[in-house]
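Number of protein chains: 2
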Amino acid sequence: MGDSKTNEIQKLSQDELKSILKNTRRTLSAQQQLIKEKHLPVIVLVEGWSASGKGTLISYLIRDLDPRFFQVIPVKSPTKEEKRKPFLCRHMTNIPEAGKFVFFDSGWMEETVFDVVDGHLSEKALAHRIHDVNIFERQLVDNGYLVLKIFVDVSKEDQEARIAKLSDSEDTSWRVNKRDLDQLKHRKKYEKAFSHFIEATNSVKAPWHVIDGSKKELVELQVCHLLVDGIDAAIQRNTLPADIPENPFKLVPMPELKDVPLDKAMTRDEYEKQLQIAQKKLKKLHNRIYNKKIPVIIAYEGWDAAGKGGNIKRLTSALDARGFVVNPIAAPDVHEKNRHFLWRFWTRLPKTGHISIFDRTWYGRVMVERLEGFCSENDWKRAYNEINEFEKNLSDWGAVIVKFWIQIDKDTQLARFHEREENPDKRWKITDEDWRNREKWDQYEDAVNEMLQKTSTTFAPWHIIESNDKLYARIQAMNIVIDALEQKIKEIG
Amino acid sequence: MGDSKTNEIQKLSQDELKSILKNTRRTLSAQQQLIKEKHLPVIVLVEGWSASGKGTLISYLIRDLDPRFFQVIPVKSPTKEEKRKPFLCRHMTNIPEAGKFVFFDSGWMEETVFDVVDGHLSEKALAHRIHDVNIFERQLVDNGYLVLKIFVDVSKEDQEARIAKLSDSEDTSWRVNKRDLDQLKHRKKYEKAFSHFIEATNSVKAPWHVIDGSKKELVELQVCHLLVDGIDAAIQRNTLPADIPENPFKLVPMPELKDVPLDKAMTRDEYEKQLQIAQKKLKKLHNRIYNKKIPVIIAYEGWDAAGKGGNIKRLTSALDARGFVVNPIAAPDVHEKNRHFLWRFWTRLPKTGHISIFDRTWYGRVMVERLEGFCSENDWKRAYNEINEFEKNLSDWGAVIVKFWIQIDKDTQLARFHEREENPDKRWKITDEDWRNREKWDQYEDAVNEMLQKTSTTFAPWHIIESNDKLYARIQAMNIVIDALEQKIKEIG
Numbered sequence: 000m001g002d003s004k005t006n007e008i009q010k011l012s013q014d015e016l017k018s019i020l021k022n023t024r025r026t027l028s029a030q031q032q033l034i035k036e037k038h039l040p041v042i043v044l045v046e047g048w049s050a051s052g053k054g055t056l057i058s059y060l061i062r063d064l065d066p067r068f069f070q071v072i073p074v075k076s077p078t079k080e081e082k083r084k085p086f087l088c089r090h091m092t093n094i095p096e097a098g099k100f101v102f103f104d105s106g107w108m109e110e111t112v113f114d115v116v117d118g119h120l121s122e123k124a125l126a127h128r129i130h131d132v133n134i135f136e137r138q139l140v141d142n143g144y145l146v147l148k149i150f151v152d153v154s155k156e157d158q159e160a161r162i163a164k165l166s167d168s169e170d171t172s173w174r175v176n177k178r179d180l181d182q183l184k185h186r187k188k189y190e191k192a193f194s195h196f197i198e199a200t201n202s203v204k205a206p207w208h209v210i211d212g213s214k215k216e217l218v219e220l221q222v223c224h225l226l227v228d229g230i231d232a233a234i235q236r237n238t239l240p241a242d243i244p245e246n247p248f249k250l251v252p253m254p255e256l257k258d259v260p261l262d263k264a265m266t267r268d269e270y271e272k273q274l275q276i277a278q279k280k281l282k283k284l285h286n287r288i289y290n291k292k293i294p295v296i297i298a299y300e301g302w303d304a305a306g307k308g309g310n311i312k313r314l315t316s317a318l319d320a321r322g323f324v325v326n327p328i329a330a331p332d333v334h335e336k337n338r339h340f341l342w343r344f345w346t347r348l349p350k351t352g353h354i355s356i357f358d359r360t361w362y363g364r365v366m367v368e369r370l371e372g373f374c375s376e377n378d379w380k381r382a383y384n385e386i387n388e389f390e391k392n393l394s395d396w397g398a399v400i401v402k403f404w405i406q407i408d409k410d411t412q413l414a415r416f417h418e419r420e421e422n423p424d425k426r427w428k429i430t431d432e433d434w435r436n437r438e439k440w441d442q443y444e445d446a447v448n449e450m451l452q453k454t455s456t457t458f459a460p461w462h463i464i465e466s467n468d469k470l471y472a473r474i475q476a477m478n479i480v481i482d483a484l485e486q487k488i489k490e491i492g
Numbered sequence: 000m001g002d003s004k005t006n007e008i009q010k011l012s013q014d015e016l017k018s019i020l021k022n023t024r025r026t027l028s029a030q031q032q033l034i035k036e037k038h039l040p041v042i043v044l045v046e047g048w049s050a051s052g053k054g055t056l057i058s059y060l061i062r063d064l065d066p067r068f069f070q071v072i073p074v075k076s077p078t079k080e081e082k083r084k085p086f087l088c089r090h091m092t093n094i095p096e097a098g099k100f101v102f103f104d105s106g107w108m109e110e111t112v113f114d115v116v117d118g119h120l121s122e123k124a125l126a127h128r129i130h131d132v133n134i135f136e137r138q139l140v141d142n143g144y145l146v147l148k149i150f151v152d153v154s155k156e157d158q159e160a161r162i163a164k165l166s167d168s169e170d171t172s173w174r175v176n177k178r179d180l181d182q183l184k185h186r187k188k189y190e191k192a193f194s195h196f197i198e199a200t201n202s203v204k205a206p207w208h209v210i211d212g213s214k215k216e217l218v219e220l221q222v223c224h225l226l227v228d229g230i231d232a233a234i235q236r237n238t239l240p241a242d243i244p245e246n247p248f249k250l251v252p253m254p255e256l257k258d259v260p261l262d263k264a265m266t267r268d269e270y271e272k273q274l275q276i277a278q279k280k281l282k283k284l285h286n287r288i289y290n291k292k293i294p295v296i297i298a299y300e301g302w303d304a305a306g307k308g309g310n311i312k313r314l315t316s317a318l319d320a321r322g323f324v325v326n327p328i329a330a331p332d333v334h335e336k337n338r339h340f341l342w343r344f345w346t347r348l349p350k351t352g353h354i355s356i357f358d359r360t361w362y363g364r365v366m367v368e369r370l371e372g373f374c375s376e377n378d379w380k381r382a383y384n385e386i387n388e389f390e391k392n393l394s395d396w397g398a399v400i401v402k403f404w405i406q407i408d409k410d411t412q413l414a415r416f417h418e419r420e421e422n423p424d425k426r427w428k429i430t431d432e433d434w435r436n437r438e439k440w441d442q443y444e445d446a447v448n449e450m451l452q453k454t455s456t457t458f459a460p461w462h463i464i465e466s467n468d469k470l471y472a473r474i475q476a477m478n479i480v481i482d483a484l485e486q487k488i489k490e491i492g
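Chain order of the listed sequences is R and Z.
For the first sequence, the residue numbers in numbering that gives the first Met the number 0 are 0 to 492.
For the second sequence, the residue numbers in numbering that gives the first Met the number 0 are 0 to 492.
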């Protein structure tokens with residue numbers, strides 16, 4: 000993976016090297032301003048052998064950067080809490096905002112390689128993880144990120160000498176850990192695992208750069224060059240729309256909204272009876288999923304005034320308050336808008352055994368953000384697939400995913416708007432924005448239809464809840480959740 | 000702690016009870032709107048014996064609340080990561096925004112009581128913790144929070160019966176843990192520890208409410224009443240300024256800014272020499288503090304263009320990138336402004352062994368927020384003591400705290416502003432706001448002087464860095480950090 004630049008560099012004298020290095024650093028420092036202006040988020044993944052100088056390299060890279068624009072994330076073995084989330088969750092959590100750098104001091108590669116060497120990952124599980132990593136990196140790049148992946152390579156002899164040197168000094172000997180010694184002892188095994196991971200995750204959008212780590216200055220210069228060139232290239236690339244991959248997942252056919260019947264209703268008596276039965280079942284199931292460590296994600300979308308809030312309330316009233324969270328999703332905060340659009344959902348995932356309910360969801364991307372022009376056409380068109388991939392990841396992790404579209408007709412909405420306006424206790428629930436959205440009903444209906452068609456997968460199908468009668472809708476939703484939980488429990492035995 | 004209301008309630012028939020309960024719930028539900036309007040943040044701490052029905056109580060309380068306005072925080076034993084932060088850090092992290100509820104399913108009390116019973120807390124350490132809790136709660140109330148503390152009390156017989164019932168059912172038996180059985184076995188020991196904690200943290204501003212948990216409906220009704228009354232009282236109280244406690248800490252005398260000499264300078268040669276020496280020392284010390292798990296907090300304040308950024312950069316260039324974070328502090332985000340003003344600093348504390356550098360700090364409260372009217376007079380006047388308490392807490396935890404005021408004179412600032420305007424690479428660093436702040440130089444100088452006088456404590460003294468000559472200033476700051484780290488390492492041996 001060496002290039003001609005590297006070959007040239009190898010031949011330089013020490014003085015020439017120093018002078019080039021100085022210039023490159025100056026360019027990099029100036030580029031900070033550029034990435035800020037162009038809202039480019041930069042991820043630098045620094046992987047490599049232990050004692051290969053990863054930490055020193057990062058210290059070097061950041062020396063001239065403004066501390067307001069970068070962060071260094073030292074990645075350790077995942078904590079118990081982190082293990083209760085999907086593998087990529089903690090890495091996703093740490094991605095930078097637009098206009099900033101994040102340097103990962105080893106990241107999703109090292110963890111995986113160690114798992115392989117330790118025999119904690121079957122071949123199938125490894126293939127799975129590599130698949131997820133490739134999707135993760137591609138999504139980042141498509142969403143405007145520069146993902147620069149460095150592997151610092153040192154020979155066995157060098158590594159041995161460096162570890163010996165660390166061990167010799169009182170101030171650094173504690174830094175040498177079991178893993179370092181293990182790498183020396185089983186070098187071949189690690190080599191194989193590193194190589195496999197690098198090959199399997201080497202992509203056009205996020206290629207690996209394997210750097211010869213034998214000479215510090217050369218590493219620094221090469222990585223500086225990679226950064227400078229990478230930033231320029233990413234800024235160029237981001238002026239063009241990303242390609243939109245075809246959906247690779249099996250889809251469940253969905254009806255058009257206009258064909259959804261809305262005539263079902265339930266008497267108050269029948270409702271009370273059914274509610275009691277459903278709540279009792281849910282309570283029991285909540286215990287079971289906690290016990291079996293099943294994570295559950297329940298997503299609510301629907302028209303304004305469709306009854307999402309009341310529906311959620313009836314569902315949660317059956318649940319143990321310690322085992323669920325309701326995430327109300329409004330317009331993103333600045334620090335959310337400045338990241339991958341799924342970031343604020345990745346950071347709100349449930350732990351295993353817990354339930355996360357989303358009152359509005361990541362589907363905002365293909366509804367409000369699409370219609371109000373908050374993202375580009377390319378962005379929302381790509382999002383169907385990105386969302387399917389996100390949900391597939393969650394499903395593979397073991398999550399139950401239930402997605403509701405709470406459906407009402409236009410007349411019912413109007414009646415409810417008026418009712419809210421007339422009731423002093425509910426008046427705050429209705430805003431000018433609701434009226435504005437209502438004017439765009441037809442556009443929204445088209446967008447919702449497209450969304451339902453394109454994102455109802457076998458692992459995360461949509462359920463349309465008929466909510467002209469709220470009582471009927473509540474029971475319908477609860478029963479769908481009950482079915483999904485029962486099925487999952489049966490599945491895993 | 001029973002009151003006349005409770006006595007009346009005890010005598011009610013089941014039907015009367017149900018009807019009152021229904022009305023109280025309706026009031027509570029309506030109050031959501033009120034707390035939203037009045038920006039009241041509400042903390043409900045639900046503590047009590049195990050199997051006393053805490054979870055059921057919380058489920059009951061939230062049933063009619065809008066999920067967008069509350070969160071339930073189940074507090075478990077602290078994780079390894081959480082143990083590397085101050086005791087109150089994880090609780091502070093979870094406090095609600097203005098206008099929202101947080102229900103803590105047991106909180107800072109249970110953890111402490113368990114530590115006492117398990118023999119993990121000396122009498123002195125317990126006294127310390129209680130002291131911190133009292134300050135924490137008082138600060139919350141003074142900053143507009145309602146802190147409602149509930150202890151659900153059940154007799155030994157009741158507890159025994161409930162645990163037996165849980166154990167009997169396949170769906171709930173896994174819920175009974177060692178701790179529950181331990182509470183039964185050593186009931187007296189727990190009783191003593193609970194009582195002591197309740198007495199020691201029972202304050203006018205955040206009193207305890209011990210509720211007889213023998214009858215579910217009665218618990219619910221009483222707590223509903225407490226909430227309804229508490230919210231009304233808090234809204235009343237928040238219209239009045241809180242009292243400003245006198246500073247209880249020993250202060251280090253500080254000069255007035257006008258008397259600080261600014262004539263020191265350093266040649267480039269001398270600087271390069273000193274820099275190398277200082278960086279070498281720092282590098283070594285960074286290893287030591289990591290090894291000895293000492294947390295370090297370095298706070299930078301100073302005039303615009305005083306050279307904070309460059310000063311920080313020289314300091315960090317000596318540090319291992321994996322062991323420090325620079326926190327640039329700008330105007331607070333909405334979710335930060337909606338919480339206790341120290342919240343965004345509590346959530347940015349270093350782990351043990353790590354360094355957090357703050358580029359601007361919590362002292363914004365008594366400078367920009369004071370002068371621009373972003374908080375009330377009572378708020379900033381109270382803040383001196385609140386900040387001292389915050390820093391005392393960190394110091395008691397074992398942190399090294401170094402606070403810098405980077406000082407320049409008015410002419411030097413003007414020269415640097417012009418220099419920035421003329422240099423295309425630096426132009427972005429200077430904004431209209433900088434010029435506006437400059438116009439208020441005298442007001443800021445008064446505020447800074449007051450701040451230095453009132454918050455230079457023995458455990459977190461201020462250091463004024465003479466920065467008319469940036470080179471001199473950098474070496475001065477680094478040497479102060481070196482001294483502070485060396486002293487701490489000597490102290491703990």
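Incorrect hints may appear among the rest.
Note: identical chains are not told apart, hence a pair may lie in one copy or across any two.
List time: in silico DSSO-like cross-link candidates among lysine-lysine, alpha-carbon distance up to 27 Å [stated by the list, open to error]: (1) K164 with K282; (2) K177 with K82; (3) K350 with K79; (4) K123 with K279.
Don't read these hints as lab results, they were simulated from the structure.
Values in this document were obtained by computation on a predicted structure and should not be read as measured data.
Hint check results:
| no. | hint | result |
| --- | --- | --- |
| 1 | K164 with K282 | between (60 Å within a copy, 16 Å between copies) |
| 2 | K177 with K82 | both (22 Å within a copy, 24 Å between copies) |
| 3 | K350 with K79 | both (11 Å within a copy, 17 Å between copies) |
| 4 | K123 with K279 | neither (39 Å within a copy, 48 Å between copies) |
The structure shown violates just one earlier hint, number 4.
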